[in-house]
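2 protein chains.
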Amino acid sequence: MPVGNVELVKLNPVKGIKIGITEAHVRYAGRKDLTVFDIIAGANTAVVTTQNQFCAAPVQLLREFIAKDSPRYLIVNTGNANAATGEDGKQRAKTTCVALAEKTGVAAEQVLPYSTGVIGETLPADKIIAGLDSALANLSDDNWLGAAHSIMTTDTTPKGHSEIVEIDGTTYTVTGISKGAGMIRPNMATMLGFVATDANIEKSLLQNILTDTVNQSFNRITVDGDTSTNDCCTLIATGQVGEMIDSENHPHYQAIYQAIKNVMIRIAQLIVRDGEGATKFMTVKVTGGETSEECAKIAYEVAHSPLVKTAFFASDPNWGRILAAVGKAGVMLDQSKVAVSLDDVRICERGGLAQDYTEARGSEVMKRPEITIHIELGRGQASDTVYTCDLSYEYVKINADYRS
Amino acid sequence: MPVGNVELVKLNPVKGIKIGITEAHVRYAGRKDLTVFDIIAGANTAVVTTQNQFCAAPVQLLREFIAKDSPRYLIVNTGNANAATGEDGKQRAKTTCVALAEKTGVAAEQVLPYSTGVIGETLPADKIIAGLDSALANLSDDNWLGAAHSIMTTDTTPKGHSEIVEIDGTTYTVTGISKGAGMIRPNMATMLGFVATDANIEKSLLQNILTDTVNQSFNRITVDGDTSTNDCCTLIATGQVGEMIDSENHPHYQAIYQAIKNVMIRIAQLIVRDGEGATKFMTVKVTGGETSEECAKIAYEVAHSPLVKTAFFASDPNWGRILAAVGKAGVMLDQSKVAVSLDDVRICERGGLAQDYTEARGSEVMKRPEITIHIELGRGQASDTVYTCDLSYEYVKINADYRS
Chain A
1 MPVGNVELVK LNPVKGIKIG ITEAHVRYAG RKDLTVFDII AGANTAVVTT
51 QNQFCAAPVQ LLREFIAKDS PRYLIVNTGN ANAATGEDGK QRAKTTCVAL
101 AEKTGVAAEQ VLPYSTGVIG ETLPADKIIA GLDSALANLS DDNWLGAAHS
151 IMTTDTTPKG HSEIVEIDGT TYTVTGISKG AGMIRPNMAT MLGFVATDAN
201 IEKSLLQNIL TDTVNQSFNR ITVDGDTSTN DCCTLIATGQ VGEMIDSENH
251 PHYQAIYQAI KNVMIRIAQL IVRDGEGATK FMTVKVTGGE TSEECAKIAY
301 EVAHSPLVKT AFFASDPNWG RILAAVGKAG VMLDQSKVAV SLDDVRICER
351 GGLAQDYTEA RGSEVMKRPE ITIHIELGRG QASDTVYTCD LSYEYVKINA
401 DYRS
Chain B
405 MPVGNVELVK LNPVKGIKIG ITEAHVRYAG RKDLTVFDII AGANTAVVTT
455 QNQFCAAPVQ LLREFIAKDS PRYLIVNTGN ANAATGEDGK QRAKTTCVAL
505 AEKTGVAAEQ VLPYSTGVIG ETLPADKIIA GLDSALANLS DDNWLGAAHS
555 IMTTDTTPKG HSEIVEIDGT TYTVTGISKG AGMIRPNMAT MLGFVATDAN
605 IEKSLLQNIL TDTVNQSFNR ITVDGDTSTN DCCTLIATGQ VGEMIDSENH
655 PHYQAIYQAI KNVMIRIAQL IVRDGEGATK FMTVKVTGGE TSEECAKIAY
705 EVAHSPLVKT AFFASDPNWG RILAAVGKAG VMLDQSKVAV SLDDVRICER
755 GGLAQDYTEA RGSEVMKRPE ITIHIELGRG QASDTVYTCD LSYEYVKINA
805 DYRS
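Heads up: the sequence lines are chains A and B, in that order. According to the numbering used here, the first sequence holds residues 1 to 404 in order. According to the numbering used here, the second sequence holds residues 405 to 808 in order.
It cannot be assumed that every hint is accurate.
Partner residues are not named here, just some residues of chain B that face chain A (Cβ under 7 Å, in silico) [to be verified]: (1) N456; (2) G755; (3) A758; (4) G782.
List time: in silico DSBU-like cross-link candidates among lysine-lysine, alpha-carbon distance up to 35 Å [stated by the list, open to error]: (5) A/K297 - B/K414; (6) B/K498 - A/K90; (7) B/K494 - B/K689; (8) B/K689 - A/K337.
Distance windows between CB atoms, simulated [claimed, not checked]: (9) B/K771 - A/Q381: 40 to 46 Å; (10) A/M332 - B/E697: 45 to 51 Å; (11) A/Q258 - B/G734: 30 to 36 Å; (12) A/T122 - B/Q662: 47 to 53 Å; (13) B/E697 - A/D88: 45 to 51 Å; (14) B/T776 - A/N5: 32 to 38 Å; (15) B/S608 - A/M332: 25 to 31 Å; (16) A/S134 - B/R772: 44 to 50 Å; (17) B/T762 - A/E64: 31 to 37 Å.
Worth flagging that the hints you see were computed from the coordinates, not collected in a lab. Note that the structure is predicted; figures quoted are calculated from it, not measured. Just so it is clear, CB atoms sit at the ideal spot from N, CA and C, and this is done for glycine as well.
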């Protein structure tokens with residue numbers, strides 16, 4: 001069961017993007033598992049991919065292809081990650097791109113491949129290719145919700161968000177979807193985020209926007225600290241609405257940037273809310289650091305600590321575990337200047353228990369399904385925030401049972 | 405239930421060390437929770453302590469004291485970590501040292517304090533002081549096994565080891581005990597290891613031996629990646645046997661060093677075998693690296709990965725998770741040169757599945773209670789090894805219930 005409000009708003013169509021989904025039986029029967037994005041000619045596309053050295057075959061191929069040509073199609077399968085599959089895996093991914101390119105009259109390099117699912121098994125490229133006609137026949141501009149479903153693996157809920165911005169009489173749309181629930185500690189991207197806008201954004205600026213907003217969204221979430229081999233986040237600007245936005249000084253830039261950032265943060269947080277076995281959604285906010293890097297480091301230590309995560313699962317205000325996690329981040333701290341609060345309850349200050357703290361107040365706040373852990377370091381002005389969830393029996397069950 | 409053979413050998417007395425244990429009711433009634441070590445005058449003592457910035461009050465005090473004088477007594481309580489207790493915690497620890505010093509006629513600085521248990525609660529110094537007479541009356545040179553019991557917290561089994569070395573007609577004894585089962589990813593030391601030898605080892609050489617052997621034992625184990633606020637490992641050379649060993653060139657040095665290292669590794673591994681909820685003991689061996697640092701880094705990524713740990717709990721040869729963990733260590737790798745084996749079963753080579761691997765062989769090896777994960781990087785000659793355990797329902801249960 002995901003944590004908190006995970007209801008989707010209406011996922012508005014984005015002019016210039018059509019989506020087709022179908023059942024290709026990659027791993028399971030009776031579920032949509034193949035998704036094709038059709039991108040209008042002239043659109044700009046930016047991608048960030050996993051920093052995992054064992055990056056999957058489709059990620060390797062995607063990096064080569066996008067360096068050569070403008071993407072016209074994205075082909076996405078679930079059920080098989082095509083990772084740790086060597087040269088054979090890369091060839092198999094390529095045959096699916098070639099097949100789609102031939103059916104649609106574009107170059108093979110204009111088809112970007114994405115895979116998610118089990119690592120280390122052979123990609124059934126023939127099944128994917130056999131499903132392409134059906135996916136293409138299904139192409140529609142109002143298929144974002146269907147795609148949010150068809151890219152799921154261990155997710156229990158589809159993930160998407162959409163914003164409409166009106167500036168000076170021009171109406172822009174930004175819509176995005178994501179998937180992921182485990183192996184989540186993205187590094188430069190997460191396993192499958194697709195965001196599109198109909199705005200006309202210059203290519204290098206688009207890449208900057210993607211990198212920047214990913215650093216505030218997908219790169220600030222963690223479920224279990226495990227960085228996937230297949231992480232990819234893709235941002236498409238179809239250029240169907242408004243004039244060219246080619247710099248941060250363009251009058252429409254800030255509004256579009258904010259809309260993209262809002263979509264990114266929402267679909268990233270939805271992954272944590274649907275974290276495997278999650279019963280609580282925690283925001284770890286670190287302030288008063290010398291640099292935002294050290295704040296992020298401390299926030300991640302807290303967010304990754306199994307002892308902190310199990311204490312939150314148990315609603316046990318065992319806050320010493322938070323301090324132990326803060327202390328192991330390798331940042332020189334003056335204990336007497338550090339303060340820790342859970343929502344509005346100050347638990348620790350001057351290296352010890354806060355004056356007005358009581359176990360009753362601690363227990364009350366720990367029972368909440370959404371909690372902000374605020375750690376003030378007293379060293380400077382920098383801050384950073386990471387989103388995470390607790391660690392429950394269910395996490396162990398899901399990951400001890402997965403693959404079956 | 406601890407994993408594999410955790411039976412203790414006879415813990416031989418060490419000339420110059422007496423140990424007294426008693427019930428001080430620090431947290432629970434009906435169990436020994438206060439341990440006093442009496443060290444003969446003239447002995448040398450070396451200590452390494454946690455690198456956690458929220459190091460506990462006794463750790464802070466211990467560092468001050470050992471810089472000033474030679475230790476004559478160690479005072480160890482369980483049930484309360486006296487961590488995150490601010491200046492008051494330090495004063496409380498000090499009063500226990502002062503009380504023991506007055507009873508025994510040594511300086512307060514010659515009494516080193518150690519605490520383990522819950523973080524953030526006030527140390528009942530009065531109860532500890534009230535227990536001192538009983539502990540002193542109990543002093544005996546054959547009390548190591550009793551001490552191994554009385555320093556336990558969530559441990560399910562006492563931990564100790566002993567070796568006797570004879571060189572050129574001189575017989576040396578090395579005996580050590582440890583405790584710990586959770587919040588285990590020591591950084592320069594672990595939560596309470598005490599090792600003593602009757603050899604006469606020069607003070608700075610003793611410190612070198614401690615640092616070196618800790619780096620191969622306590623600093624290479626992890627249960628949950630959480631570094632404790634109270635980690636301390638202490639090595640005492642009482643100087644009651646043999647001539648002074650003052651350099652690595654002394655003819656007895658290598659044999660003594662090896663005996664100390666053996667004791668260190670055994671009592672460190674016993675902590676992992678008793679890891680909270682552990683059902684499997686895993687040795688993560690990384691070879692073929694450019695530096696031992698990068699090998700250790702990769703080994704820790706694998707050892708800390710919740711996905712790897714739950715796969716081992718489930719005996720599921722989901723080896724893609726091992727590769728994903730290897731790949732996220734931030735070490736540049738050529739996938740085609742990496743090979744991974746579980747014991748004698750090669751599972752992965754050239755970035756994909758090994759030729760002779762079968763799921764049946766993978767399943768068979770994953771069922772074993774003790775498994776070596778061997779990762780060959782194909783980059784160089786360096787290697788390193790880390791010991792860890794799996795992640796089970798029981799781990800979550802223990803840590804969701806602890807404090808109650």
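Status of each hint after checking the structure:
no., hint, result
1, N456, "holds, 4 Å"
2, G755, "holds, 4 Å"
3, A758, "violated, 11 Å"
4, G782, "violated, 13 Å"
5, A/K297 - B/K414, "violated, 45 Å"
6, B/K498 - A/K90, "violated, 65 Å"
7, B/K494 - B/K689, "violated, 40 Å"
8, B/K689 - A/K337, "violated, 41 Å"
9, B/K771 - A/Q381: 40 to 46 Å, "violated, 54 Å"
10, A/M332 - B/E697: 45 to 51 Å, "violated, 21 Å"
11, A/Q258 - B/G734: 30 to 36 Å, "holds, 32 Å"
12, A/T122 - B/Q662: 47 to 53 Å, "holds, 48 Å"
13, B/E697 - A/D88: 45 to 51 Å, "violated, 33 Å"
14, B/T776 - A/N5: 32 to 38 Å, "violated, 46 Å"
15, B/S608 - A/M332: 25 to 31 Å, "holds, 26 Å"
16, A/S134 - B/R772: 44 to 50 Å, "holds, 46 Å"
17, B/T762 - A/E64: 31 to 37 Å, "holds, 33 Å"
In the structure shown, a violation is registered for the earlier hints numbered 3, 4, 5, 6, 7, 8, 9, 10, 13, 14, in ascending order.
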